[in-house]
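> Starting from the known structure of chain V, fit chains X, G and Z onto it as the hints suggest.
Protein chains in written order, with UniProt numbering: chain V, 1 to 245; chain X, 1 to 245; chain G, 1 to 245; chain Z, 1 to 245.
I should point out that these hints are in silico values taken from the structure, not numbers from a laboratory.
Heads up, a few of these hints could be off.
Unchecked claim - Partial pick of chain X residues on the chain G-facing surface, computed with a CB cut under 8 Å: (1) ILE35; (2) VAL39; (3) THR42; (4) PRO44; (5) TRP189; (6) VAL192; (7) THR197; (8) VAL198; (9) GLY199; (10) TYR200; (11) GLY201; (12) ASP202; (13) ILE225.
Each residue gets a CB set at the ideal place from its N, CA and C atoms; glycine is no exception.
Number of protein chains: 4
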Amino acid sequence: MLQKKLSQALDPEMHDGPGLSRTNNWIVALICLSILLGVFETEPNLTHGLEPLYAAAHLFFFAAFLIEYLARLYAASLNPRYGSPWRYALTFASLVDLIVLLAFIFPFLGLEATLFRMFRAARLVRLARLGRYSLAMQMISQAIVQRRYELGVSIVAAFGLMLLSSTALYLAERDFQPENFGSIPRAMWWSVATLTTVGYGDIVPVTPLGRIFAAFTAITGIGFIALPTGILAGAFSEALQNIRK
Amino acid sequence: MLQKKLSQALDPEMHDGPGLSRTNNWIVALICLSILLGVFETEPNLTHGLEPLYAAAHLFFFAAFLIEYLARLYAASLNPRYGSPWRYALTFASLVDLIVLLAFIFPFLGLEATLFRMFRAARLVRLARLGRYSLAMQMISQAIVQRRYELGVSIVAAFGLMLLSSTALYLAERDFQPENFGSIPRAMWWSVATLTTVGYGDIVPVTPLGRIFAAFTAITGIGFIALPTGILAGAFSEALQNIRK
Amino acid sequence: MLQKKLSQALDPEMHDGPGLSRTNNWIVALICLSILLGVFETEPNLTHGLEPLYAAAHLFFFAAFLIEYLARLYAASLNPRYGSPWRYALTFASLVDLIVLLAFIFPFLGLEATLFRMFRAARLVRLARLGRYSLAMQMISQAIVQRRYELGVSIVAAFGLMLLSSTALYLAERDFQPENFGSIPRAMWWSVATLTTVGYGDIVPVTPLGRIFAAFTAITGIGFIALPTGILAGAFSEALQNIRK
Amino acid sequence: MLQKKLSQALDPEMHDGPGLSRTNNWIVALICLSILLGVFETEPNLTHGLEPLYAAAHLFFFAAFLIEYLARLYAASLNPRYGSPWRYALTFASLVDLIVLLAFIFPFLGLEATLFRMFRAARLVRLARLGRYSLAMQMISQAIVQRRYELGVSIVAAFGLMLLSSTALYLAERDFQPENFGSIPRAMWWSVATLTTVGYGDIVPVTPLGRIFAAFTAITGIGFIALPTGILAGAFSEALQNIRK
Numbered sequence: 001m002l003q004k005k006l007s008q009a010l011d012p013e014m015h016d017g018p019g020l021s022r023t024n025n026w027i028v029a030l031i032c033l034s035i036l037l038g039v040f041e042t043e044p045n046l047t048h049g050l051e052p053l054y055a056a057a058h059l060f061f062f063a064a065f066l067i068e069y070l071a072r073l074y075a076a077s078l079n080p081r082y083g084s085p086w087r088y089a090l091t092f093a094s095l096v097d098l099i100v101l102l103a104f105i106f107p108f109l110g111l112e113a114t115l116f117r118m119f120r121a122a123r124l125v126r127l128a129r130l131g132r133y134s135l136a137m138q139m140i141s142q143a144i145v146q147r148r149y150e151l152g153v154s155i156v157a158a159f160g161l162m163l164l165s166s167t168a169l170y171l172a173e174r175d176f177q178p179e180n181f182g183s184i185p186r187a188m189w190w191s192v193a194t195l196t197t198v199g200y201g202d203i204v205p206v207t208p209l210g211r212i213f214a215a216f217t218a219i220t221g222i223g224f225i226a227l228p229t230g231i232l233a234g235a236f237s238e239a240l241q242n243i244r245k
Numbered sequence: 001m002l003q004k005k006l007s008q009a010l011d012p013e014m015h016d017g018p019g020l021s022r023t024n025n026w027i028v029a030l031i032c033l034s035i036l037l038g039v040f041e042t043e044p045n046l047t048h049g050l051e052p053l054y055a056a057a058h059l060f061f062f063a064a065f066l067i068e069y070l071a072r073l074y075a076a077s078l079n080p081r082y083g084s085p086w087r088y089a090l091t092f093a094s095l096v097d098l099i100v101l102l103a104f105i106f107p108f109l110g111l112e113a114t115l116f117r118m119f120r121a122a123r124l125v126r127l128a129r130l131g132r133y134s135l136a137m138q139m140i141s142q143a144i145v146q147r148r149y150e151l152g153v154s155i156v157a158a159f160g161l162m163l164l165s166s167t168a169l170y171l172a173e174r175d176f177q178p179e180n181f182g183s184i185p186r187a188m189w190w191s192v193a194t195l196t197t198v199g200y201g202d203i204v205p206v207t208p209l210g211r212i213f214a215a216f217t218a219i220t221g222i223g224f225i226a227l228p229t230g231i232l233a234g235a236f237s238e239a240l241q242n243i244r245k
Numbered sequence: 001m002l003q004k005k006l007s008q009a010l011d012p013e014m015h016d017g018p019g020l021s022r023t024n025n026w027i028v029a030l031i032c033l034s035i036l037l038g039v040f041e042t043e044p045n046l047t048h049g050l051e052p053l054y055a056a057a058h059l060f061f062f063a064a065f066l067i068e069y070l071a072r073l074y075a076a077s078l079n080p081r082y083g084s085p086w087r088y089a090l091t092f093a094s095l096v097d098l099i100v101l102l103a104f105i106f107p108f109l110g111l112e113a114t115l116f117r118m119f120r121a122a123r124l125v126r127l128a129r130l131g132r133y134s135l136a137m138q139m140i141s142q143a144i145v146q147r148r149y150e151l152g153v154s155i156v157a158a159f160g161l162m163l164l165s166s167t168a169l170y171l172a173e174r175d176f177q178p179e180n181f182g183s184i185p186r187a188m189w190w191s192v193a194t195l196t197t198v199g200y201g202d203i204v205p206v207t208p209l210g211r212i213f214a215a216f217t218a219i220t221g222i223g224f225i226a227l228p229t230g231i232l233a234g235a236f237s238e239a240l241q242n243i244r245k
Numbered sequence: 001m002l003q004k005k006l007s008q009a010l011d012p013e014m015h016d017g018p019g020l021s022r023t024n025n026w027i028v029a030l031i032c033l034s035i036l037l038g039v040f041e042t043e044p045n046l047t048h049g050l051e052p053l054y055a056a057a058h059l060f061f062f063a064a065f066l067i068e069y070l071a072r073l074y075a076a077s078l079n080p081r082y083g084s085p086w087r088y089a090l091t092f093a094s095l096v097d098l099i100v101l102l103a104f105i106f107p108f109l110g111l112e113a114t115l116f117r118m119f120r121a122a123r124l125v126r127l128a129r130l131g132r133y134s135l136a137m138q139m140i141s142q143a144i145v146q147r148r149y150e151l152g153v154s155i156v157a158a159f160g161l162m163l164l165s166s167t168a169l170y171l172a173e174r175d176f177q178p179e180n181f182g183s184i185p186r187a188m189w190w191s192v193a194t195l196t197t198v199g200y201g202d203i204v205p206v207t208p209l210g211r212i213f214a215a216f217t218a219i220t221g222i223g224f225i226a227l228p229t230g231i232l233a234g235a236f237s238e239a240l241q242n243i244r245k
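Bound-form chain V, shown alone (with noise of 0.2 Å):
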């Protein structure tokens, strides 16, 4: 009884209504809200003082992200894609559950800084998660496959023209830039700075010719936007209007 209830709270497929269940929703947002404090425990600015604060916070998460996964494989056996609790303990979503909460113990026992920086990057996985809960990735996920021949091309295509624009600039700028421009690896920094029109600055040709092929990159990136632009903007709409129906 207590298993068919938590399966129809925590597993979206056992779920009668539509959208998530209510501990779903709640669940969803806990972990936003551990992601929020993983980010601000990294600012001294925000954590000075509050280190007991901040370890409170890790435990109340830990505690509960254990329970909730705890709650799943009991729950799992029910739902006929699982059967039993290990065949779903071994599931993708289910695997980033654990590591998450390995992240969480580990750092407490004196790990080294190069491995808390990894345990860190996985507590980002966390993320991952949150695509098992609405239909916003899956959606994004469709209209990417969908279109994955496409954007494919779009890709090579813009990879071609930086690497183009990167030979352009590396043999017009070499020798008046040695530091940014005294390779090809080293002007693909500007090429993609250019042809995505982020455009830092911090790197820009100065010889005549250099700029003149610096123009044609900068218009050329034009097409380069406009070519996934357009294609995206096709996929979503069709992505958007299958769902609607």
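Frame of chain V, contents of chains X, G and Z only:
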């Protein structure tokens, strides 16, 4: 009789012809001018020696908006939606009008500079009043409301992307630029500038790994632009077609 | 007989075949060359030692455009729209031609530099003359006229957004960067650069609050691009389809 | 018999199944690797101490592409379009193959650095070879050819806009920044960066008038992006639909 004339002149719902009444057009023009006044008076180069002129303009706008406010209250009882001036006075639009009027008076009483700031910000709410007059904001808000779910999805996806790239850059650059990338919230400033392709260039990655992450961020930023562009473009073209019918 | 030949060669409405007559194609090419001349002669590196060449080119273009002007006047009386040379001479297109001719003569008379500037700017009006020849500007202006209301709405919305973000940044940054954010008009320079995603980076917020406002500005700037992009994209695709029919 | 097998393996027109033959897929992969080699070998940090490895890779790619070139010549006579190896050898694709081969040999003979540069640039033409293999560039070129006129119109309009804004900034800023805005060609570097919304920020207007002109340029730059984006988006969605049928 005067009340009916005022109602037809001031209340868009009581106006017979298409568009705005001549009176309301003049009021819109006055509001725009008062906003320009508020903008210009913050620039010393534009106010130096012209203080009496600005004071006179303030007085003029205050008088005009006070008369308009009282006239609207008087005319409101003819509109079945309000019935009495008091019910109209408590609508959001009317309260905004009142705040704007108060913002005119209180600076003269010698309040603190911080209060001035807040009132000055309130003065900009006049912009919101313009929304009552034209189809512009109606259409925009209609398009946004209609696609609120799709836009929400893209905002969540963009926020996730921002978190991911901030964390990646924080991990790659924190030891080399602790001031700029020493925490995830600090790295977010760079991340927003890159994902929106603004690219100020005040903060840029300097390590090869950071630049590779940044290149991926800039390229995925194209999708970050393409997604809401596609959704909004579709929503606005739909909204424009609905209005035309 | 000569008048008729000139009319068919110069007046697009009197031309039999599709597109422009051979004579008008040559004149378009001449106009483009004269614009390039005007552009290049401002750069000392490109004029040094070539002054006689530039003077000769000036003389050549002046003679060519004078002959063209007189021939157009002579041929105009055959076009029922004008009837007489004098009515044609007072059309906007013909007056532009005359101003361009005058801009050639007056620099030789030793006028002031400031006048030179104005005349040089007038020389660029030649570009407007190109509009008579091709479908290009017709289509563009048709698309813009057809959606003038929608574009007006988006311009008003964008201007309001710019005012709001300028005021927000002015309030957040004025005490820290009085030179750059000391007044709303000054903050507008930053605001335009951010909302259009140009992002020069010469002026950037430095306070946490200012950066939060700036992040919102940059993100809403995506909508500022998406709105006119969607409207214009639709307008141009419509205009292109109408032309093809 | 060998000739027929080679023809089916190498000549896309003689290949039976859909897509590329397994042999051609391998060749595409080899070409991509050789491009990466050419890119990496320009960066001293990536070549230091690995010179023998790079030399061996050069030799390997040269041998592979030489064998491929000869095999293609041998197999070409079975294709009715060429008939004989000599006719195939004079096609554009085959000449590009030959230039790429020559670019491998000549650096070893001790030519001048400037020649190296040209040959290195020629090596990038390998990218053009990829166009033979995939639908990608076919579709892109088809979309561009189909809307060549519309794109031409937008390029002309963009160029006119660039000239106008360059001249305006030149007039406004030349006395204050003679190095950056002292001539129209110099102002064009700024103009391209602004109209494409790249916005490096290495050169920015400093006078109020220049900033007002720049603001108008940046805002019209949105249209400069919207126009080709709309045209290309429509062209690609059409091209994609045609391919799918």
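> Against each hint, give a clear statement of whether it holds in the structure.
Now the hints, each set against the structure:
Among the interface hints, the one on ILE35(X) holds; its C-beta lies about 7 Å from the nearest C-beta in chain G, closer than the 8 Å criterion. With its C-beta approaching chain G no nearer than about 4 Å, VAL39(X) sits inside the 8 Å limit, and its interface hint holds. For THR42(X), the interface hint holds, since its Cβ comes within 8 Å of a Cβ in chain G; the closest pair sits about 4 Å apart. The criterion of a C-beta within 8 Å of any C-beta in chain G is met by PRO44(X), whose closest approach is roughly 7 Å, and the hint holds.
Taken as an interface hint, TRP189(X) checks out: its beta carbon lies about 5 Å from the nearest beta carbon of chain G, inside 8 Å. For VAL192(X), the interface hint holds, since its Cβ comes within 8 Å of a Cβ in chain G; the closest pair sits about 4 Å apart. This hint holds: THR197(X) has a C-beta 5 Å from the nearest C-beta of chain G, less than the 8 Å allowed. Interface hint at VAL198(X): satisfied, since its Cβ lies 4 Å from the closest Cβ of chain G, which is below the 8 Å cut-off.
The restraint placing GLY199(X) at the interface with chain G holds, with a minimum CB-CB distance near 5 Å, inside the 8 Å limit. Satisfaction of the interface hint for TYR200(X) is found here, the shortest Cβ-Cβ separation to chain G being roughly 4 Å, below the 8 Å cut-off. Annotation: GLY201(X) was flagged as interfacial toward chain G, and the flag holds, the nearest CB pair being 4 Å apart, inside 8 Å. The closest approach between the C-beta of ASP202(X) and any C-beta of chain G is roughly 5 Å, which is under the 8 Å cut-off, so the hint is satisfied.
The beta carbon of ILE225(X) is positioned within 8 Å of a beta carbon in chain G (closest approach about 6 Å), and the interface hint is therefore held.
In the structure shown, no violation is registered for any of the earlier numbered hints.
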